[in-house]
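Engineer: Residue-level listing of the chains:
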Amino acid sequence: MTTAVSINKVTKRFDATTAVDDVTIDIARGEFFTLLGSSGCGKTTLLRIIAGFLRQTSGTIRFDDKPIDDVPAHRRNTGMVFQNYAIFPHLSVFDNIAYGLRARGCARAEIDTRVGQMLELIQLAALKNRRPRELSGGQQQRVVLARAMVIQPDVLLMDEPLSNLDTAMRVHLRAEIRALQRQVGITTIYVTHDQEEALLMSDRVAVMSHGRVKQIATPLEIYNTPETRFVAGFVGECNMLPGKVVELADQTATVALGEGGRLAVQGVSGVVQGQARTVAFRPQDAELQPVPDDDTRGLCGRLVDIQFLGGTVRFVVDIGAGAIVHVAAQRRTGAAIPVLGGRYRLDIPPHAVRLFEPAPA
Amino acid sequence: MTGAMVAARRLLGFWPAVTAAMLIVTAALLLLPVVNIVGLSFSGEEDTAGVLRNYQMFFSEPYYYRTLINSFIVSISATVLALLVGVPAAYFTSRFHIWMRSLIRAAVVLIFVSPPFIGSYSWIILLGRNGLVTTTLADYGISLPSIYGAQGIIFVFTLHYFPFVFLLVSSGLKSIDQSIEDAARNLGSSEFATFRKVIAPLLAPSISTGALLVFIACFTDLGTPIILGERFRVLPVLIYGEFVNDFGGRPVLASTLSVLLLLITTAALLLQRWYASRNAFGTAAVRPLTLQEQPFKKRLLAALFVYTLVGVALLPLVNIIVSSFLKANGPVLLAEFTLDNYQRILGTIGRPLWNTIFFTTTATLLCAVFGTMIGYIIVRRPGRISSFLDTIIMFSFAVPGIVLGVGLVVTYHHPPFAMTGTALILILAYFIRRLPFSVRSSVGMLQQLSRDTEEASVNLGAGPAMTFIKITVPLLSVAILSGVLLTWSNTIRELSATLILQSGRTVTVSLEIFNEVVNGNFGVASALGTVLILLTFLPLSVLFTAMGKREDALV
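These protein sequence lines map, in sequence, to chains A and B. Those letters in the first sequence? Residues 1222 to 1582, by our numbering. Those letters in the second sequence? Residues 46 to 600, by our numbering.
Keep in mind that a hint or two might mislead.
[Stated by the list, open to error] Residues from chain A shown here face chain B by an in silico Cβ test under 7 Å; the list is partial:
hint: 1; residue: Phe1274
hint: 2; residue: Thr1278
hint: 3; residue: Met1301
hint: 4; residue: Ala1307
hint: 5; residue: Gly1326
hint: 6; residue: Cys1327
hint: 7; residue: Ala1328
hint: 8; residue: Arg1329
Worth flagging that the hints you see were computed from the coordinates, not collected in a lab. Given the structure is predicted, the values throughout are model-derived calculations rather than measurements. Note that CB positions come from ideal geometry on N, CA and C, so glycine has one too.
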């Protein structure tokens, strides 16, 4: 794969705080790459550094192997889509899209053709003479997307472009953006705090926290094999329980939990017997099996709450010592529903359980 | 690209270059003149008596220091009186169901923008020795206190400058939430106690700003005390007299006096900013104070108070317009309709009218261009240089017109920068004096605009200059236009700096009025005054009707 954008050891400090901390990422040509993190994690700062609105304290950024650190923002040839659209309110739809081409001194005929193609692509050709205030939020967002793509940027930068839209429009537009991006084949860096968006749209995701990259991987890997406790907790739901490694054989460990419960974990490495670890598993990976009171094999507990959410049912199981486990199940019509207050064993396949460093005290 | 090239480009970029230009212009037109008069005030013909000799002389001669005391007497009295009438008038108009509220607001604006010196001679027509009211009342054996001297100046200042207080308090009241008053009443405060203990303290920043503006305006006003003062002399009159006296003027003494004037206005500005910042609560009203239901009697009394105040303050304007159509015999007007006055000015108004419109328009356009750029630098490029620029702009509020006039003359009367008596120096004086209007209106709007739109433009390949012209300026167009209209209205009636900087060729309408008043040609002065009032009010009526601005945009 050819590298379109290479971020090498980039750090940004504002006075005492470090907003971006030693970040290294290589993004392939045509890739849809997402920076995922909660607000203040440094993802937007990193995006603005790439766009040239901020200058990094140290580190280098290259587009196609050319360092661009000294290139001013207006010469970087990036196309940015802003959270609040940043549509030019005094210009028509056509003029908004044509703006970047005019700034590049393109000929009128070429502008007409390229803007025309873009208008077709975003299906707003009929509205090309409208003013932005006559457009809906979704239409405005498509205009600024077209405005950013028409200049054929080296990289498309998107800063939470969907967060100001209502849910239905958001769901619709994220599919549309992804389709457009595939069609045009443009390298894209997408910033979001919405994990669903990140998992759905991206080729690869970088999970960020406190200015650092915690993991870079495909959405599937991020979800199935999170590398750190933080990523496991941030992306998708996860039960996290304190435990201790009591048996170790090959790559399978047995971990003792609080009140005598035990879980088998497959595919562990770098773990020592007697070590304190956090045990993590997804709610939908556990299944409830009714057990008599004297059966203490595996991990058992009492069902204390049933939360009916329509297609899914969630069970809250008290496994003793104040520890609570959530279990999610698809509800099939006619399937037996566990009894509130009953005693159940949590059946979890060993390969679905992961071990992480213990929670900080 | 090498590091040196990058550093060089950063220095030569569009905004650094513009910032440097703005610094040079404001320094040349404001700081340098001020520095020069300060320097002059410490100098003397012979070096024997030390640098403070000019100040020692000032404070040892009653002829001189008495003017300073007089200035304080009229300014403080007028400020206190303006607060005493302005605060209740604003409160009643904002909170009570008073009939014709919008008309009252319009009248206050009219009073506010009318040239103050027009008010003074209009009062002479009414209350002077041979005044209309004076003679009428004398027939019934009633004698009024004199309009001349200290009490006359205080009277005219109060009526002319209370709109500062009125407009600021009105807008301050809008930023107080109704729930605050409801809470106070609910906890058992009476209406008056609620005002005194809750509303008034929240208005402290507005009231103190109003007081400051009234004080500075009174302290630096030159036209009114010349017309009404007679033997009662205030500091600006002394400066004017020393600077343009028949024996060639004494720039050193005038500079010394100017420095004193500037020290006091600056101190007042700093004191008020300190006070306002200590008492600012940053309230924002979700639901601003609403109108109160009042018993009829209370409503009537409040209305009478407001009507009387506005009516009396408006009287000189009405009088000007009426008397411009009356036959005049020197300062005595006869009850006989005529267009003589307009016929008489027809031949002579050409040059002053052209000058006034040309100077004002040029200065206003300069203000719009420079003010927008400075506003942009202050908001979008924060840093030490930008806050220094901000400070200069704030300081220019404190520099009185007469001081600026003296400063510009002493700075620019030697070749190669000999500009005294030219149109250019008047235009530059108007420009630097009114620059804060356009800076403030751009700053206010830019602070509400997200940077994203401008960044989107840069991101799409437009450089800083192109982004400013194609994106920022269109986005600011409403603010720029309202700044232009305000600047125009405020510049067209300028008198203090004009008096110092004018020459025969650069006479303006306000100067012409002043000369006719001093020569006692009240009929002609009224005709010119009516023209000037029209010129002042026209752009404002556009501002308020077409642009939907509120009156508090003025202060």
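Engineer: Next step is simple, just say for each hint if it's right about the structure.
Structural biologist: We went through each hint and held it up to the structure:
The beta carbon of Phe1274 (chain A) is positioned within 7 Å of a beta carbon in chain B (closest approach about 6 Å), and the interface hint is therefore held. With a cut of 7 Å, the hint placing Thr1278 (chain A) at the interface with chain B is violated, because the nearest CB-to-CB distance is about 16 Å. Below 7 Å, beta-carbon pairs count as interface contacts, and Met1301 (chain A) has one with chain B at about 4 Å; its hint therefore holds. For Ala1307 (chain A), the interface hint holds, the least distance from its beta-carbon to any beta-carbon of chain B being 4 Å, beneath 7 Å.
Violation of the interface hint for Gly1326 (chain A) is found here, the shortest Cβ-Cβ separation to chain B being roughly 9 Å, above the 7 Å cut-off. Interface restraint check: Cys1327 (chain A) against chain B, minimum CB-CB distance 10 Å, threshold 7 Å, status violated. Contact between Ala1328 (chain A) and chain B, as hinted, is not supported at the beta carbon level, the nearest pair being about 15 Å apart and thus beyond 7 Å. For Arg1329 (chain A), the interface hint is violated, since its Cβ never comes within 7 Å of a Cβ in chain B; the closest pair sits about 17 Å apart.
Checked against the numbered hints given earlier, this structure breaks hints 2, 5, 6, 7 and 8; the rest are met.
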